[in-house]
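Colleague: Chains as they are written, first to last, in the working numbering: chain B, 1 to 156; chain S, 1001 to 1253.
Just so you know, the hints here were simulated from the structure itself, not pulled from any lab data. Treat the hints with caution; some may be incorrect.
In silico DSS-like cross-links for lysine-lysine, where the CA-CA straight-line distance does not exceed 30 Å [claimed, not checked]: (1) 1059(S) x 148(B); (2) 1196(S) x 142(B); (3) 1059(S) x 122(B); (4) 141(B) x 1195(S); (5) 150(B) x 51(B).
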Amino acid sequence: MGIGPSTKETTLHHFRDPLLEVVSNDQDIDLLGVLVVGTPQGNMEKHYVGKRAAVWAEVMRADGVIISSDGWGNSHVDYANTIEEIGKRNIPLVGITFNGIQGKFVVTNEYMDTIVDINKSKEGIETEVVGENNVNELDCKKALAFLKLKMRGERK
Amino acid sequence: MEGVTILRKLVIKSFHINNVEFGNKTAIKGNNCIIDCQKIIELENSEDLIKRINIDIIKPGDYDKYVNTIMDIIPISAKVLGSIGEGITHTLTGVYVMLTGVDADGRQMGEFGSSEGILKEQMFFDRAGTPSKNDYIIHFDVTLKGGLPFSRELPLAAHRACDRFIGEYRKILKQKDGRESSEVHEYFDKVRHGKKKVLIIKQVAGQGANYDNFILPNEPSGIMGGRSIIDMGNVPIIISPNEYRDGAIRAMT
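Work out the full structure, taking the sequences as your base and the hints as a guide.
Modeller: Here you go:
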């Protein structure tokens, strides 16, 4: 599985992304930027790019990371790996992704303890309705609130 | 150290459209957006892999029609001053482009599930990534040549043709007097000293065909000048908040 119609983030979504709006408008947060990372085919490459993402977060001295995934299933392999690399560096993080009853993580690790599920269909499944299971403002507010709690607890 | 340092300013001016119609010339007149019927043939001929293009105007609420799989929803925006992430951008509100695609053999241009069907059943309106029920939709439907292996080139050809179509409006938007805009939004890349430093990571698709993203095109939400995340080896690339909100990503998913 990859990106189904109901979870895919269209170009319009990126143009007015609620995650960016919620985080950048919070007066208590210094938003560093948006790191875009792809999902390569092979496992070696998946680990390579995931680790690079985590090193970026570390060298930027990020106090926290919100990681969202466009796609699930196979993409969750990349997702879990990147989360693990960030977690190992003691950087608090919160994930946003599609789970529902279908998107059970193919691999997990101890750092995947705070994940916001963006499923919105009643059946809990990836549907063929464009935009149905998209990240919305409430998901982002939830994620940022969780991250604030984690940053308070885990650092300093 | 406390306080805020402003690094950069981006101004997005929107021009509201409340009517879309066909005509003899690509134009934005007041709140009217006009589509040139003659241009369609030119767009068809611009790509070898394209067999046919059909452009349709979908009025607000008029969703009882069959559409091929929805490949993307694209805003119509143009850089007026500066490059992506700074300066001035003009954008249209009230109208968005919906790109759909199929090949001559009837194969939908979608992976991992396609969204063809009656529009009202296939689109959840009013999300960040979809039009609202008050918006016009310019439906750009591409039929690609049949009998070809399903490769990146097919959806890419459809996206390119659609980008050329939007390019005609970009030329007009660049000439628009900013004082006529319906809304003006100012955005700042800034440092909030002493506050918790947060990084947003967006994991995007990068595996081929409909599973690609173009980063930092020349024009907001465009194709030309953008680099495919696949071709960049999927390695992380940093985008400033203003670059991101100025259309730094063109989703091919």
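Colleague: Determine for every hint whether it applies to the structure shown.
Modeller: Going down the list of hints, with the structure as the test:
{"no.": "1", "hint": "1059(S) x 148(B)", "verdict": "43 Å, violated"}
{"no.": "2", "hint": "1196(S) x 142(B)", "verdict": "17 Å, holds"}
{"no.": "3", "hint": "1059(S) x 122(B)", "verdict": "29 Å, holds"}
{"no.": "4", "hint": "141(B) x 1195(S)", "verdict": "18 Å, holds"}
{"no.": "5", "hint": "150(B) x 51(B)", "verdict": "22 Å, holds"}
In summary, the structure is inconsistent with hint 1 from the numbered list given earlier, while agreeing with all the others.
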